[in-house]
Amino acid sequence: MSKGHIVVDEARCKGCALCTSACQQRLISLAPDQLNARGYHPAQYVDPHGRCTGCTLCAVICPDSCITVYRAQRVVSRRPLAA
Amino acid sequence: MSKGHIVVDEARCKGCALCTSACQQRLISLAPDQLNARGYHPAQYVDPHGRCTGCTLCAVICPDSCITVYRAQRVVSRRPLAA
Amino acid sequence: MQTDLIISGFGGQGALFAGQILAYAAMDEGLHVTWIPSYGPEMRGGTAHCTVVISDDEIGSPLVRNPAAAIVLNQPSLDKYEPLMAAGGVLVVNSSLIPRRPQRTDLRVVEVPANALAEELGNVRLANVVAVGALVAAAGVLSVEAVERALAAHLPERHKHLLPANSQALRRGAALAAAALA
Amino acid sequence: MQTDLIISGFGGQGALFAGQILAYAAMDEGLHVTWIPSYGPEMRGGTAHCTVVISDDEIGSPLVRNPAAAIVLNQPSLDKYEPLMAAGGVLVVNSSLIPRRPQRTDLRVVEVPANALAEELGNVRLANVVAVGALVAAAGVLSVEAVERALAAHLPERHKHLLPANSQALRRGAALAAAALA
Amino acid sequence: MAKQLLKGNEAIAEAAIRAGVQAYFGYPITPQTELLEYMARRMPELGRVFLQAESELAAINMVYGAACTGRRVMTSSSSPGVSLMQEGLSYIAASEVPCVIVDVMRGGPGLGNIAPAQGDYTQIVKGGGHGDYRMIVLAPATVQEAVDLTRLAFDLADKYRMIAVVLLDGSLGQMMEPAELPPFADGAALGTPPAWALTGAQGRPKNVVTSIHLVPEDEEQFNQQLQARYAEIARTEVRCHEYATADADLIVVGFGTAGRVAQTAVKQARAQGLKAGLLRPITLFPFPEQRLAELARQARGFLVVEMNAGQMVDDVRLAVSGQGRGGLTPAVRFYGRMGGIVPLPDEVLGALKALAETAGHTPQPSPVSCLPLDGGPVAR
Amino acid sequence: MAKQLLKGNEAIAEAAIRAGVQAYFGYPITPQTELLEYMARRMPELGRVFLQAESELAAINMVYGAACTGRRVMTSSSSPGVSLMQEGLSYIAASEVPCVIVDVMRGGPGLGNIAPAQGDYTQIVKGGGHGDYRMIVLAPATVQEAVDLTRLAFDLADKYRMIAVVLLDGSLGQMMEPAELPPFADGAALGTPPAWALTGAQGRPKNVVTSIHLVPEDEEQFNQQLQARYAEIARTEVRCHEYATADADLIVVGFGTAGRVAQTAVKQARAQGLKAGLLRPITLFPFPEQRLAELARQARGFLVVEMNAGQMVDDVRLAVSGQGRGGLTPAVRFYGRMGGIVPLPDEVLGALKALAETAGHTPQPSPVSCLPLDGGPVAR
Amino acid sequence: MLADVVLEPEITYTRPAALADTYTHYCPGCTHGVAHKLVAEVIDELGLRERTIGVAPVGCAVFAYNYFNVDFAEAAHGRAPAMATGIKRVLPDQMVFTYQGDGDLASIGLGEITHVAARGENLTVIFVNNAIYGMTGGQMAPTTLPGQKTASSPCGRDVEATGLPLRMAELLAGLPGTAYAVRRSLHNVKEINRAKKAIRTAFQVQQAGLGFALVELLSSCPTNWGLPPLDALKWIEDQMLPYYPLGDYKVADGVEQL
Amino acid sequence: MLADVVLEPEITYTRPAALADTYTHYCPGCTHGVAHKLVAEVIDELGLRERTIGVAPVGCAVFAYNYFNVDFAEAAHGRAPAMATGIKRVLPDQMVFTYQGDGDLASIGLGEITHVAARGENLTVIFVNNAIYGMTGGQMAPTTLPGQKTASSPCGRDVEATGLPLRMAELLAGLPGTAYAVRRSLHNVKEINRAKKAIRTAFQVQQAGLGFALVELLSSCPTNWGLPPLDALKWIEDQMLPYYPLGDYKVADGVEQL
Ligand SMILES: Cc1ncc(C[n+]2csc(CCOP(=O)(O)OP(=O)(O)O)c2C)c(N)n1
Ligand SMILES: Cc1ncc(C[n+]2csc(CCOP(=O)(O)OP(=O)(O)O)c2C)c(N)n1
Ligand code: SF4
Ligand code: SF4
Ligand code: SF4
Ligand code: SF4
Ligand code: SF4
Ligand code: SF4
Ligand SMILES: [Mg+2]
Ligand SMILES: [Mg+2]
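Which chain is which? The protein sequence lines are A, B, C, D, E, F, G and H, in order. The first sequence begins at 1 in the working numbering and counts up by one. The second sequence begins at 1 in the working numbering and counts up by one. The third sequence begins at 1 in the working numbering and counts up by one. The fourth sequence begins at 1 in the working numbering and counts up by one. The fifth sequence begins at 1 in the working numbering and counts up by one. The sixth sequence begins at 1 in the working numbering and counts up by one. The seventh sequence begins at 1 in the working numbering and counts up by one. The eighth sequence begins at 1 in the working numbering and counts up by one.
Treat the hints as calculated values from the structure; they're not laboratory data. Note that beta-carbon positions come from the ideal geometry of N, C-alpha and C, so glycine has one too. Please note that a few of the clues may not be correct.
Stated by the list, open to error - Simulated pairs of lysine-lysine, DSSO-like, Cα-Cα distance not exceeding 30 Å:
id	chain 1	residue 1	chain 2	residue 2
1	G	K197	E	K206
2	H	K197	F	K206
3	G	K190	G	K149
Said to hold, decoys possible - Sample of chain H residues at the chain F side, in silico, Cβ under 10 Å:
id	residue
4	N66
5	V70
6	D71
7	G86
8	R89
9	E256
To be verified - Restraint-style ranges between C-beta atoms, simulated for each label pair:
id	chain 1	residue 1	chain 2	residue 2	range
10	F	G187	E	G310	39 to 47 Å
11	G	P146	H	A208	21 to 29 Å
12	C	N123	F	A271	40 to 48 Å
13	F	A231	C	A152	28 to 36 Å
14	A	D47	G	A161	36 to 44 Å
15	E	D155	D	A175	48 to 56 Å
All chains, please: the whole structure from these sequences, using the hints.
Written out as structure tokens, the structure is:
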């Protein structure tokens, strides 16, 4: 199970690619075929194997504060196994 | 015989007295009763005993460049004693 | 006769240069011409557009509110200029990047997949020249040959090797417009 | 009635303050008055002078070209203002420092050895007050008493102890003028 | 309160303090320096801000900043220093923050001299900075008026969110004259900072002070608002002093010291049988153009007296243009002294007499045409 | 030489170079920057001086210094930058050293925007700095004229030992248009440094460049000399462009781009049967007031078009005041756009039609009086 | 028996509240955006949103007032320090900061910033050094590197004619009124985090009334350097760092303890 | 036989030729006059009278142009360095110097002087530091000493509110374009002679094209200090020297060899 994940605000993204190189897991790339309303190829986060560590490096470097990082860490409930 | 002497341009002198303290021989003082056209008591050089060394200290410090220093040093002629 | 043109797109799409080609061509043809980049709130990365006025008489206003012909290279430009076009005007639309069709019915619309055609010619940066070809053919203000001569004469030395590709792009655009309006 | 006065001397002779005494006295008497230090090319060490206008009506120009009364505390001031005096004007001359007599014959000249008298009173800085006394007595624009009251009222606190000496100086000057013009 | 003998510069300073000025920023320059020095003494005593800026450029921008907080703030200077403030003044005007500027004018152009003059009329009244902006301009002629107009300057500045300038020449700045100081404005009158002020966005959305309107349409609309405010002021805030104008057919116009001197000349003229009157504008912007237009209907000539080469005279000309009887334009003559010379009543009287002899006709243009660009004959 | 497609800013730069400018000092500001950048490329190539100053304040004072050497020197800027130069301009004018300033105007006041405007008319034409000084002001409407007037600016500056300003709006600075460049001025035309120049006092008594005249009488006399020179220029150096004025009874007046746009409107008006004409002042100082006065005798109305809130319009009003038939004043209307909006011919045509319908009467003043200082009724 | 610990996602990083929720006009990859974010985060963390007043420069950051949720003034080019002085003197309890570019601070505004430091004005200055005039299209700044090509130094900055670049952190550190003057960089995450700490300290210096505090930030201008954003960060590292060493140039007594 | 050697007087010291033979407007005992004389002597000794252009400030030395027999320009307040830059760039072979007071150079003109030093303009600057604004009647300068009473700091300069005085020689020495920056004093003959040597070096630096050269001179203002001229010299020694140590703050490579 993934330790974190991110959400990119694609409308605000300017496709600068700084996040792509910041992510040690290489989970972000610019969408080659997609243009947002301002004409940029936005960053896209692809993490099929749940490798995101929630390290926030991508978000810290993003000049447009487009990236929100979520980390799964708070225990919310415990439920009985298989009822 | 004096080694030097000075001439003060009294019209330009502002009576600031800087020269009076610069002269190690104390040969200059402000004329107490004299006022020049601008209302200053000018410096006066009194050297009855020919003590002026021509050291130029007074002239160097004079902010108004009022002092010309003469030094007697160039041999001009030699003449026969008692003709 | 005076023709007011606007060319508009994202920064980097070459709208300003496209206008300059037209201005050079007009000058070389002995016409009066003005080229002016439009001031707008946008800075880099925003929209860049220019206005070209071509006339056989002295030009009064170099600025234009209702262009007789326009090239729109991207969607925001279409949105902005479609309503401003003079009735009967020629509107060249870069259909490679603009999904929607113009809505006005009193315009002569030429849809050109400029990016696609340019890529076919091996250089996506020629999209603007493709569109210029279309505009010239559709609006008739200058001949395609005049524009071609202008390219030959005024392309900066370091880009001279691109001349054949430019000519091709121009002609492709022109041909497409001719076909579209035929 | 309006009286235009000028008081002039070397910087440090107290010309400006002398004018202020008169201005205070006039104000306290309910008259209109202006006091203005004169601008000139001189900087420190040069001549300082002020103009006082006293009137029972609103004062138009606070500046004066031809004063009706003047105090000249030094030679350059005499040289400058003698020719400018209005005919019949009162000219108070500080004979302690000014060797020459005024040449105009249409003036009422009062020669006061102001420095000498002030030194007699123990303070050469009172020369200006001596001259003011002479001016007031000779020109009649204000009473000696009014000036004395003004001194009492407006001398800065730290100089209040000098009041008796000031009064004496004022009266000495006045007496001298009265005698001279009698 | 009883009258005190006050120097113009110091009287303005004390009047500003009593008007509640909270911060003063300035740079020394003759003949304004006593104002700054007075502030240096008094403001700290009162726990208010005095800061000698490193330059007039810094001073006006400190004023700009302090004014953004909605407090009463001011600076003072003299002609060359005011020239250095032109960019700042344009910014402040465009930001609609109120403040008060005192300009104690001296002889120019350039370094000129330190004698009294009125050569800043244009730069102050028309706006020496870029763009279309105006400042309220108040021109005292006596120390008492300097006191009164300083208070008014703060009030008008706040009311209209504009710069108000007290404009005087060096002789008035240096002059002592009896004057009565007003009481201190009470705290209530000063009020709490206005809603637009920058105070830290506590419990409210942020405020912004800016002079940018990047979209031309927005900038135009903003300019129209400014112009509308200026027009309102022109309707409601004109002030002037008149003397013997009721039946006058010769009107002398002058502001500040020149106007004061002119009043003596008018008195002398009346004594000599001339039907002379004086209009001394107290507000230079707004200019008393309507009143001048009214006077144009009765007067055959105007004499404008200034301590410059003729600056306000154009505003008088504009005001009376076509306003004479039958739509004619009365004669407008100029008498000016420059370089720091204050005209004397006699000179003004002389000019007035000359006007009396010739006025009544519309001046004819002299026969000069204009060259086209190439210097050849004019193409019509 | 054949025509080239040139950008206004660059055309001016190259024209200055061909006029023999030896030193350029400037600071980047939109929409003037290409001029500076062009100089950055070209001046060093030619072994001449290019220096990017740290500010406009420094730039104008570098120009001041360089101009003291008697060489041709210049700077360029845009509105806020020009405001920062006001002190320097007053000094240079008072020192009688020639130089050329280019002001590519943008929207204001304050930071405003970078769109084309004409809001600097007053600060440039009347002098936004302190004291009574004037600058020769040349206002091109086409790139060709920008080239020609740049050369003229240097010539007139030298001839009169004055500042000459080339004043244009951002649209002309940014615009490309075909124009022909003049040949390089030959060395002989540039001549040796004038006798007053600072070059090191070799074999002659020292020269001094100063703007001080401490004695008021001297300062006044100096100012009179300046004024005499300005009057001479007003007689001899007026330039304007006219179109269809011969029989016009409606005259449109506009400078630079506004005048150019107005010409199209006049053409359209003629086509619609209106007897319209255009006067486009090329020199703003000296102003074509005599020519306007002449036209006032034939015209019933004037329409002044500007890209500001109405600045030059006052000079038109002054010029035509009382100059109409029978000494009446023809109507003067204003049409302006602000904030960086360039008026279109249609708008001007509309204003012209409105004028055509109403012109012919002297405007009546609106009934407003002025307040005395205390706000009560007017004391007459 | 309990099992399957359910982890609910929690936001660990998102835009700070003091940063307005709006699109910015900055070019793609321009680190002005990073600088903004850091300042906003510090304002949030120190709880200063309702008592901070910012002063924007003329430069690419001219619209900074749109991007922060705090009171803001927009200064004339180079005069932000003077404007901030005016504000701070009247409202000494508010936190006042300027945000300035290198043209603004080191060229036209050099006099004002130096005097502010000399007087020890209690202000925080965020100084964004991108070695160029961004807004006007890439002309030489006093901070432009030797040999660097710009629109106004087309053959590269000639130090013979224009001198060597100004090192502002060092220069201002030399003034007695300066309590804190450091240089940081925005070219990678590690340096960004260090920059944030410095910004925090610079605000705390003001809170403590210790005097003038300056954080110089090496920042990219991909547009005018003519480089893709990632290459621009590399350029900071390779070209700017050697000339502009990161470090603390003045940390006055009392600052360490903050 | 020869005897009685007759000694004929020879002028050993008189006003230099480059100093105009005219009365000056300076106050009695003001050492501006000494500074003038030294500059004139150096011009004479280096033979530069016919190829020097001076730039006068606004300040008490505003009329310097009247007192030197060389070409002169009178600058706007604080802008002498910019004006001198304009002259020198056009006439690189002429010797250009500015003569500036502390208000002129360190207050309003701080930006210009610093940029001139940063650019390494080949200029000589004579900087007369009298810790006060002389001409305008004794207001506080950036160089006014802590606690010093002036017309605009009537209770003494409050360093809390206005910071510590600027040490310009040290500050400008820190800029890479500065070739020579020293402080000297005019309070006694020995120091006057040392000052003259420094002025000579500062002109030679320019002759050699080494860059910016500044000589700061501690100078008296008896009038505005409210002291008799001799006491004013003492005040320099007692009060100014401790804060403004005399010395060489920058002597670039190549200067020693001059
Ligand atoms: C008085 C004045 N001069 C010049 C300008 C033009 N101008 C705007 S921003 C700028 C420079 C910006 O550079 P910098 O401060 O480095 O900020 P950056 O854009 O690089 O962030 C200039 C010169 C102006 N607006 N005002
Ligand atoms: C723009 C401007 N601001 C202010 C002044 C007034 N002013 C003249 S000299 C001076 C200061 C002189 O002090 P300093 O430079 O120390 O020279 P000093 O007289 O002490 O030799 C000032 C503020 C001015 N002339 N111009
Ligand atoms: S949070 Fe870390 S691991 Fe996850 S996408 Fe961002 S940089 Fe990659
Ligand atoms: S760093 Fe931000 S703006 Fe740049 S590509 Fe990534 S998400 Fe988009
Ligand atoms: S030269 Fe020397 S000894 Fe002679 S008077 Fe001068 S100081 Fe005294
Ligand atoms: S130093 Fe010069 S001015 Fe002073 S008293 Fe001596 S001679 Fe006179
Ligand atoms: S021009 Fe440069 S500094 Fe300005 S926003 Fe673009 S990248 Fe950033
Ligand atoms: S005021 Fe001071 S500096 Fe000026 S001349 Fe007098 S003593 Fe010298
Ligand atoms: Mg920058
Ligand atoms: Mg000084």
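Evaluation of the provided hints:
1. G:K197 with E:K206: Distance of about 25 Å is within 30 Å: holds.
2. H:K197 with F:K206: 25 Å, holds
3. G:K190 with G:K149: Roughly 29 Å separates the two Cα atoms, so the pair holds.
4. N66: 8 Å, holds
5. V70: 6 Å, holds
6. D71: 4 Å, holds
7. G86: 3 Å, holds
8. R89: Holds - the Cβ of R89 (chain H) comes within 10 Å of chain F, reaching about 5 Å at its closest.
9. E256: 28 Å, violated
10. F:G187 with E:G310: 39 to 47 Å: 42 Å, holds
11. G:P146 with H:A208: 21 to 29 Å: Distance hint for P146 (chain G), A208 (chain H) holds at roughly 22 Å.
12. C:N123 with F:A271: 40 to 48 Å: 47 Å, holds
13. F:A231 with C:A152: 28 to 36 Å: Roughly 55 Å apart at Cβ, these two residues miss the hinted range, so it is violated.
14. A:D47 with G:A161: 36 to 44 Å: Check failed, 53 Å falls outside 36 to 44 Å.
15. E:D155 with D:A175: 48 to 56 Å: 53 Å, holds
Violated hints, listed in ascending order, are 9, 13, 14; each of the other numbered hints is respected by the structure.
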